[in-house]
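Please put together the full structure from these sequences, using the hints given.
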Amino acid sequence: MSTLHSASRLTAIAAIGTTLVSLTFSAAWAQDKPLSGVTLTLASQNDQFGAVLANLAPKFKEATGAELKVEIMDYGQLLTKTTADYLGDTKGYDLVTMDIVWAGAYSENRYSVDLTDWVARDAAELELDDIYPVILESLGQYNGRYVAFPFAAYANVLAYRKDLFDAAGLKAPADMEEFVADAKKLTDPSKKQYGFVANGQLGPAVAQDWMQYNSQLGGSILGADGKPALNSEANVNSLAVYKQLFAEAAPPGAIEYDWGGREESFRQGLAAMMQTWSVGAPGYSDPSISKVVGKTGIALAPVAKGVKQTYGVGGWGLAVNADIDDKQKEAAWTFIKWLVSKPIHKEFNLMGAGSFMRRSQMTDPELLAKFDFLPVIAETYEHGNGEYRPRIPQYPEIQDILGKAVNSVLAGAAEPKAALDQAQAAAEKLF
Amino acid sequence: MTALSDACILAASEDARIWTMARKYTMTDTELPVAVPRQILRSRRDNSFGYFVRRRYFLLFLALPAFVYVMIVGVGPLARGAWYSLFDYNLQRPARTRFAGLDNYITVFTDQSSLLAIYNTFLFTIVGVTVQLILGFGIALLLWRDDRFNRTCLAFLLIPATITPLVVGLIFKGLLGADYGMVGHLLANAGIGPEGGLLSDGRTALWVLIAIDCWEWTPLMALILLAGLKALPVDVLEAARADGATATQRFARIILPLMLPSVFLALILRVMDAFRVFDTVFVTTGGGPGDATQTLMLLAVKEGLSFFNIGYASAIGNVTIAFIAIMASILVLAVRRTDVRING
Amino acid sequence: MAQITFHDVSKLYEGSYPAVHNLNLDIRDGEFMVLVGPSGCGKSTALRMVAGLEEITSGELRINGVRSNDLSPRDRDIAMVFQSYALYPHLTVAENIAFGLRVRGFEREEVTRKVKQTAELLELTEYLDRKPAKLSGGQRQRVAMGRALVRSPNAFLMDEPLSNLDARLRGQMRSEISKLQRMTAVTTIYVTHDQVEAMTMGERVAVMNKGTLQQLDTPRALYDRPKNLFVASFIGTPPVNFLRGVLISAEGGPAVRMGSFTLGLGGRFGGLGPRDGQQVIAGIRPEAFRIADGAVPGLNVAAAFVEDLGATLLLHLDSPEAEVVPASVVEDDVDLEAVRPRLRAVVDGSLKITSGDRLVLTVDPAAIHLFDASTGDAL
Amino acid sequence: MNAAATQLIARRVLLVAITVVFLLPVAWLISTAYKPSSQIFSIPPRLGFTPTLEQFRSVFSYFHVWSLLKSSLIISGGSVILSLLLGVPAGYSLARSRSRLASLCAYFFLAIRMVPAVAALIPFYMVMRDIGLLGTWWAVIIINTMLNCAFVTWMMFSYFRSLPPELEEAAMTDGCTQMGAFLKVAVPSARSGMIASALFCIMFSWNDFLYPMFLTRLDTKPLSVALLTAYGTKDITWGTLGALAHFSTVPIVLMALFLNRYFVQGATNGVQ
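Residue numbers (my numbering), protein chains in the order written: chain A, 1 to 431; chain B, 432 to 775; chain C, 776 to 1154; chain D, 1155 to 1426.
Misleading hints may appear alongside valid ones.
In silico DSS-like pairs for lysine-lysine, Cα to Cα no more than 27 Å straight-line [what the hints assert, rightly or not]:
1) B:K661 - C:K906
2) A:K69 - D:K1224
3) A:K191 - A:K295
Quick look at which bits of chain D chain C covers, simulated, 3 or more residues with Cβ under 8 Å [what the hints assert, rightly or not]:
4) 1314 to 1322
5) 1340 to 1346
6) 1365 to 1372
Hints were generated in silico from the structure; no laboratory data involved.
Even for Gly, the Cβ is constructed at its ideal location relative to N, Cα and C.
Below is the structure:
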């Protein structure tokens, strides 16, 4: 009886104690975490980093007290919904992942908070020197002002099948001329073996891939005056080469491929070479989705002879919605700083985001152990070019016009010159 | 709109008449014989106006919510859209907005992409719906007899129509792909069709899309026609059979004329939807290759929801509405005419 | 129980002749009133106006002396039996019968009791749990009756309630409805296009045509003293014969001359006076003809064909002498009449008459109806 | 065997063949959802596979499937209920009205149904923003209801016109109020018409993605929008799509299978 009695008393005291302790603790938490009670909504492209961002949310809450909700959307949906959000001042999203090519539109319409002053203020905290200048410039700035802050940079690299190259006694192509020749050599439709694969699908897919090749073949979308020069001789030639590659060295279905289809065909062993964003590279050695584990190599993207040795850089910045109130803006900036900080960004990449952008990451042994292609990326960034796709406000329309032109050429419905002339006429109307 | 305002006016004028009557009769009320049932007396007092006026108000009251709702939620935004279509108006470049008059409409009818889109949309609708009507009628005739076997068949046949159109597009994209697609691979091996798959060639892509639409909607067509068949008067058909009409004669002379209302319903529903085709095209070809499978809705969605070119997108939308309305009117007229010719 | 009065009631539709035109009709408490006429004559419209299903354009409808033009059907407290029966397909027989009581808020036990009683009366007890779709035509008709009978309404309104039944069932139900009406003594308005139903069931019958009341009378009076050509032709089977004639003064007093056949009218008109020479139409019922035995002057006819009905023969006769006028009634039952008007006579079934036989017919002057040839009204 | 029996068998064989042709693509979609990723893309494509639920696991890791399903249910359910509440009375009213403008009015409703989504979407978006419903289920329900109730009105107009008015007249002489006659007699006897039009509405709302894509947010997103997202994603395989498609198609297919009897009945009266 007495033991029972004392036991219950003990329980009571313990209960009171815990309550008191938890009370003090939660008060302390509230003090420690400046963003308690804040909820940030992030609109994310459904690249690899999307899921990683969502997975990092609890960690961010632990660090700052703020809730992070990540809405992952496909490219078209993301563009449409975030633009609608900006235009309607609906404050649906606090943070938006901004494709490098949207920078012009963001800047012109003041969709996002100008982060320039904050970047300058927090330069030390951000460790800006550790981030490649090309990335800061093309993923974040437009006309010298920060419309977003880079968080996921991609390098355009050459992915190739070492085994096939070795078997044919070839080395990874050093320039575009070799690339074309090798692609043809390694094509054997009877064995379902193709030398090359790229995006052929109507829309952004074909436009972006072609712009990549175009740049490496010496073409340019804009002329020296900043106006479209789609039908320049260099562009017509490069489109002819692109068409030739599709006709002679690509899997027949490539005309319907977007990024996913292209990667899939490489992972399935259908194609020997492709230029691709570095972000897909880890997938080649994942046996659950890849049939070419251990047979692939990553090299610098080849550039045509006589063309300046620069490599494509792309990726995403985080923009802060200009419509939200100041407290939310501060919180959003806090998140950006937190995410790009050295330790978190390393973890971000370790979790599979594929978004390397700091010099320190290129030599980090832990990362290197997992991603052996980092030196290639480092080299790409050193000579990076983020402007081969013009980041002007009219970019979406130009991309659409180009996509249609290139896709028609690939489908055999038009000749390169005629298609680009027509595209040029359409593009001029936008200015 | 007109019907309702008409009813309102009717009710109002009726109102005045009733009031004078009511005054007249309240005087006679005092002289009522005792035998009058209380119920009648009570209702006299409760109702300030007569039953038939209340009947009109009642019907009006039933229709009004839907009408008001549609006006507010539908017609309001549409009217705004019609207004926008007169402007060169891009939400992303508000500074460049200017009154454009009919320029947007002129563009719709001169621009190569939109002309092709109009052509494709009509081709898609007319060929698709015609094929669906013929196949659907055939299936409906097969399913006519009402037994368990046919009911089961019908239930399964309806599955394509219930599948999300987005998924339908994905299914066929997956099946027809030249490299991994089951059908695409077979065709490639047999050397049939373009090398890159049926959807990758401008000469075949639209026909494939029509075929997909037929796959998806023929069963629904069959369902509506079957419903019409089941509503046919049995005695007429039996009389025709007794008169010794062959199956073909019965079909051409009896069934087809009597089925006109169902055919009309099926056509009007399908034409409306086919003309607004979007989902399946969006995921299979996205309008490509080039502009080969561009449709009006695809173009409108791209202009409106990707480029926020509201003026132009609204113009395309309005042209689409106009085309649908014209086709629907032609259908209505055609059916009336045939109906008059057959039924006198 | 109610008295129902139509006072100058009209129903107009835009762009067509009045469906009902200045109808004056007084239906007494407890009376069985039949409205009869060809289709489109306005009888159903009149009935529906009583029920409150049709709006009255002008005039006054009184139920128990109260102007009821603007009362809702519910407030009129009448029961109606529809031609299509209008049974609620989603309710069982019992629920169908109980419906009117339920919506009027009767107690549950009372409803059950009354439904049971009514079902017994109509021999529907074993079908109470069935849905209407599972009933035969006759059973449905009885359910429709039951729905009316279960309440004690001001009046029963019946709109061609028997027209969907076969002939035998119809005969049976005719007497049953009459019986039930007498039993309940509820004022009843019964609409039909069938003059047999009208004659056998109605205490009084209102004959309507083209929206106008032609004659309101007892069945016997309608038969004996039709007010105009329409009523004469509508009432009686086989229908009356019309012969064109002219009134003359003959030796034996006034007479009507029809072609070469002159028939003395006995004392019926006294002196003709101004009527002498008036164009008339003579209506002679088929059963009024007698076959003359030789000497007597009569109408010479030839039998075109003979229908042997057992007890009687129905003769279709061609008359070269007199001009037969087609009856102007458009009736579903009596077709082909207009094609070639023939005289019809009903004679004793024992006579041996075959087609082609030549006969002489006479008529009792008292059985002849005379109508003004221009107005069609009885003289 | 007599001619009639032979004919019957021929008809049935033909029907089965047609049904199989129509179902083959569906079967392929279903099968991809049970294939391991490595077997979906094989060259040459093959029929046999090792069944696995891997794709379903992957769907659940990418998407909040239950939340998507819930949104889809709420949006279609809400819109169908509202559409019936608005459309059935309106269709009844137009069918019973003696005004010559009634059928014109019915065609007006049909015309509303034809409106292409883009034409109304952006203005509607602004309105929803102004009244603060953006991102909620209500926004989608409201606009879907506009289209669906227009359709229901038109369909029920045709349906009620094929039903004799005597039923309601009988009810009113039996002592019903007008509302009583409508609710207790007209509505129950139009059951199959209502089920048929409800099915059409559910199919529309469930499958529509343009409106919800624009008008919903993370927590209110329905399945159709997620399908769109999945389609545009590089690392989501066909199998995962196939598995996700299960959730978006199976409920509707089941509904159609169970209710197709009403479909036929409803359409039977609706077309006359």
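Cross-check of the supplied hints:
Between B:K661 and C:K906, the direct Cα distance comes to roughly 22 Å. Compliance with the 27 Å bound is thereby established for this hinted pair. Straight-line distance between C-alpha atoms of A:K69 and D:K1224 comes to about 19 Å, which keeps the hinted pair within the 27 Å bound. At roughly 18 Å between alpha-carbon atoms, A:K191 and A:K295 fall within 27 Å of each other, so this suggested pair holds. For a cut-off of 8 Å, the count of residues in the segment 1314 to 1322 of chain D with a CB near a CB of chain C stands at 3, and the three-residue condition holds.
Against chain C, the segment 1340 to 1346 of chain D contributes 3 residues with a C-beta closer than 8 Å to a partner C-beta. That satisfies the three-residue criterion, and the hint holds. Counting residues of the segment 1365 to 1372 of chain D whose CB lies closer than 8 Å to any CB of chain C gives 0, so the stated coverage by that chain is violated, three being the minimum.
Checked against the numbered hints given earlier, the structure breaks only hint 6 and satisfies all the rest.
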